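Enquirer: So you can see what is in the structure, the chains are spelled out below.
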Amino acid sequence: MSRVAFGSLIGHLRRTPLRRNLIGGLIGLVVVILVLESVSPFRQGQFATMAYLGIAVGGLTVLTGLNGQLSLGHGALMAVGAYTAALMLHDVDKPLPLPVVMLLSVLVTVVVGAVVGVAAARLHGPYIAGATLALAVAMPGIASFFGDNLGGEQGLSVSTPEAPGWFADAVYFLTAHDVTGTKYLAYVGWIGLIISFVLLANLSASRVGRTWRAVRDDEAAAELAGINVGRARVKAFVVSAACAGLAGGVMAMVVRIAAPSGFPLTLSLSLLTAVVLGGLGSLFGALIGAALLTFLPQAVTGLGQSLGLGDLQSAQLAPLVYGLTLVLVILLAPAGLVGTIRNAWRRRQSPDTAPIHPQQEAMQ
Amino acid sequence: MLDIRDLTTSFGPVKALDGVTFTAPKGKITAVLGANGAGKTTLLRTVSGLIRPDRGSVHLDGQDLARMPAEKMPGLGLAHVPEGRGVITELTVEENLRLGGLGRADRSRPADFDRVYSIFPLLNDRRNAIAHVLSGGERQMLVIGRALMAEPKVLLLDEPSLGLAPRAVAQIFELVRGLAESEGLTVVLVEQNARSALSIADIGVVLNLGRLVAQDEATALAADEKLRHAYLGF
Amino acid sequence: MQQLLTTFLTGLTLGMVYAAFALALVLIWRSTRIVNFAQAPMAMITTYVALVIVDAGMSYWIGFAAALLSGLVLGAVIERVVIRPVEGKPEINAIILTLGLFVVIHAVAAIIFGSGFRSFPAPFGLRGFEAGGVTIALTGFAVFTICSVAVVMLLLVALFQHTDIGLKMRASAFNQEVSRMLGVKVTRMLTLGWALAAVVGSLSGLLIAGGSLVSPSYMDSVVVYGFVAAVLGGLDSPGGAVVGGLLLGVSLSFVSGYVGSDLVALASLAILIVVLLVRPAGLFSHATARRV
Amino acid sequence: MKRWTKQMTRIAGLITVGALVAACGAGGRPSSGSSSDTAAAEVGITKDTVTVGATFPLTGVAAPGYSEIPTGAQAYFDYVNANGGVNGRKIKYIVRDDGYNPTTTSEVTNELVLKDQVFAMLGALGTPTHSAVVDFLNSEKVPDLFVSSGSIQWGNDPKAKPYTFGWQPDYEIEGKIIGQWVAKNMPDAKVGLFLQDDDLGVDSEKGVRRYIDKQIVKVAKYTSGNTDVAPQIAALKASGADLVLGFNVPAYTALSQLVAMKLNYKPKWFYANIGSDPELIGSLLSKFSEGAVGKVNPLDGVLTTEYIPGVDATDNAWVQLWQKVWDKHGKDGHLTNYRIYGMSEAYAFVQALQAAGKNPTRKGIVDAVEKMGNDAGPPLAPFRYSADSHLGISGMRVVQLKGLVADPLTPVLVTDLGAAPIKEDDSAAKDGPPASGIPEVKPAG
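Chains as they are written, first to last, in my numbering: chain P, 1 to 364; chain F, 1 to 234; chain L, 1 to 292; chain X, 1 to 445.
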């Protein structure tokens, strides 16, 4: 009887997207705890990195995949979030509670993102690309120019906050392990990721999400249907900026510094490549892309060294393999890794249906 | 003379043309008629090499054009004026014409702008204008003129009347008629507006769902009330 | 006064190079609707070709010609092999593809040539021009830079406006299907467009390198400013690319000299934003958007 | 859309896969973390190996030049290992590329400390890059020896960073020594400063101004990465400066010389040590223009400083040792000043390891370095290491480049931060290397 009741409860919960996403989030949290408790501190650090990249890529996925806007400048927005967090965690005896720091990172980035979004909403295709590219390159210069407050080229070092007592107790209660600094950051990152992904998934299933897709698919038709296209685009930009801000805040703590050289153009570009590698328009793909960004370079360098290459050659191998992966994915699996697997799966299920191309769906 | 035999084209599982066979005689206007989706435009696009047929042949002067790439067609004497006019609006009127002339088979002598300008004096007046500013009728003149620059033997015309005022349509049809008669041009005219097309055509063929359902003298088709009601809508 | 003139002239020279680079981007954009981020490393690697030849003891001009020629070949090969499959596909695929090429060419260059700085010769004097005891930063090489970019622009104008092949290239860029119906071998024109663009890009690479230092990343900032210049002018407009390049080169030089070197990138953003807010498709965009 | 609402459950799947991947790679948790308080062997030390890690820019904009440093260190460690190692232990030297990006530095340092389990870090390069990991290394109690950067922050506060040590003379004392020399020898010069816009420029300017604040007529700053320095040099020329002090990296020495040539600007040039490698600059400028530069070294007559003997001093015993080591164990290329720099750091590490005794511990090597002070070694001036200061080499001498050779203008001048006076001290400059080429330091304490 109880099993039936439980089943019907689950069934009831699964009926609404919000609840379904919440359940997904909870399952995700359990998995995160299991994973983080079973891997080495080094891997915990890598998972922390993957978490902040995942948050940023998730936000960019919404902007590019759902709303059709291209941004080559999300690294700059991450820098805004990172510097906000760093200012609050740099040389302070009593830092604000972490959720407050993260929230402020998000808020400040949202303000900047709104300004950029308003400017970008007027632009199309390559013109947005150009403007956001310039943003990515310009932002680090601000930090150098206001060197007195922002630490110049040297950056602001961030003292990693300690895990609060209740959190350590809770983790210990659940897992019988202590919380080290790295693990705590990994938890913070993944909790941030789960919260933001649940919100993004809900948003995309909501009316707002439908509006964004309508604008992406056909701007003129969307306008005729009474959608304020400009407002929808700005909204999408703001949401993705919020993600970038959160990602930047987590990044500042994981990297322990906010410095201009930490936000090179390549950061912005690799976020975009991660969006496409995983499969445009899919949050799951965003996570795959973030995983590739995190694990691939280290794996390739390690492989190079185990093949007997010198340090220098191994170091150059990582970008080579990364670039080749990009080229090959676009040429051989243009729907991204997730999309390609999904298409293959559908083809196996019903051989007659034509494959779908999320990009085409997304970009046309 | 353009000889089409058993032409079959499909889009995936759908057959857009199914064993179409007819002959467009030299110096005559052959009107291809039928409802929307009957396969008229597909027929022209297949003939001019934009779509690869599954099977069948298209003979022009003893040479099979089927499965040849589109860019070879002007050199073989076939000119296609696409639906929606196909003016390259970013180029000037004269550049559009020049482009037409580049495809002609015999390039030993200079392209003959004067002939086109004498047929369409209006184009002469606007030769340096960006084609973007032309009106619908002027654009239609430009694309026909551009096709003539290649000195074709066969002219494929897709819906020249689309979106034009009746007076402009009459003017264009008169011109096509004249070209066929005076220069021996083989014209294949695709038209939605069957009544006016039959009024200038010599021969009519009727397509329905990719198949040829009727083929006769234009006057005979126009007189066949049953056929008119079933396929031609007048 | 002398500082003013020097700042202006170095900005002008740099602006000419940005203009050439922007022109290369515009050529590719017009023919294939792709923003070629790999333009910078392509130019970098052809400059290394020239360097290898010069280091082997041959004359600068042989290296110069070889670099342009290898640019031609590289552009054509890349279009044929890598770009062809994504033509007409969603724009983001092409963007990611060229970014991937960017990374690959970079890594290959670092592996072959090492990541160190190497000096690159200049065919003309690097000393400023003396007039009445005042030295103006107009070196022989700067004059060469300005002239060669100007000549390339005139040649391109002549090619596009007055030759059949130029007309075919323009037609292919604007309407591929109609061009095919008119007998234009469109794919060949696209390849040619990429090849020509790569030659112009190579030229900008050689000019930036001349009398200065090269390393695998020496073109990286040029891709940003070149792209910004192209966007400033309007990606469809070769003339706009030139104006955009000059505008950017001169203004950034003044920002660097009189305001602060670290604000150069910020200034480029500011200029871009101001221009795009007034004209969202660049200074020289056609009044009619061709979006359907 | 269905696929959006299904995502959450799929994400769970991905994480599981990730966990499997990670678990395979990690091979379980290390049993002895950094906080090991057992008497078992120290992290990174086995019966026959000592593992040390380093981060350098091997790729990217900062790689030129700097990527040679670890090749020098590697060659010297190979030499030591070929001669039996230190107390029977071979030195395993792991270098990771950070591309001069602090984010990457943080990641690869995690890898070195947590996965590769290095005993100590050695010579990690760069101020912003190393700032990102210095707190982590200290909280993990990893000896962070001989940071390859002249920032004062590595050594001025040992209470906060007990495990971190600087190595080269910091930029502030270099600025002081240069400033005092100018004040004494060129009191009428109108001085322009050409500064890299980071700690290099800031610290050096502070040192210089202590002596010639009033002589400075113009400060021009460039941002690393922007290779167009014409506006800066034009500004210096416009100010009428007839002596330019350059605190910049080597590429910018070459660029500033090129632009000065274009502008026909001929002040006296004085480049800080970091930017003055005559061989590198000479090769960078060798191709330029009119043949004139090709024959005459463009840096001929330029003033600079040196704190370890350079590759030009072929009759110096240290350089002869480095040459021998490089000939035997070097890979591609020839001996350069960057490689000598790497070898000198490696030499200092061997000294420290010996001083830490037969069974070195992380704490032990830190204590040993604090006592290293005046031990013999390649630097021309003694280290300043003590419990109160972890700053490195205490001084340098002013030299003038004649061709490719540095001609000393002063004895070795030593000083410290702030108002500390500048004194002559040639004591360390006369030491030669031991005959074996391997230090023979007695365990400290």
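What the hints contain is simulated information worked out from the structure, not anything from laboratory work. All values derive from a computational prediction rather than experimental measurement. Warning: the hint list may mix true and false statements.
Stated by the list, open to error - Reference listing, derived: stretches of chain L covered by chain X, where coverage requires no fewer than 3 residues with Cβ under 8 Å from a Cβ of chain X:
1. 1–10
2. 16–26
3. 183–190
4. 255–268
Said to hold, decoys possible - Here are the simulated distance ranges between beta carbons:
5. F:D112 with L:Q161: 49 to 55 Å
6. F:Q63 with L:V73: 33 to 39 Å
7. P:L309 with L:Q161: 51 to 57 Å
8. P:E223 with F:D6: 34 to 40 Å
Glycine included, each C-beta is placed from N, C-alpha and C at the ideal position.
Enquirer: Each of the hints needs a verdict: does it hold here or not?
Expert: Okay, the hints, checked on the actual structure:
1. 1–10: Coverage by chain X holds for the stretch 1–10 of chain L (5 residues, Cβ < 8 Å).
2. 16–26: violated (count 0)
3. 183–190: violated (count 0)
4. 255–268: With 7 residues closer than 8 Å to chain X, the stretch 255–268 of chain L meets the three-residue bar; holds.
5. F:D112 with L:Q161: 49 to 55 Å: violated, 22 Å
6. F:Q63 with L:V73: 33 to 39 Å: Holds, since Q63 of chain F and V73 of chain L (Cβ atoms, about 36 Å apart) stay within the stated range.
7. P:L309 with L:Q161: 51 to 57 Å: holds, 53 Å
8. P:E223 with F:D6: 34 to 40 Å: violated, 48 Å
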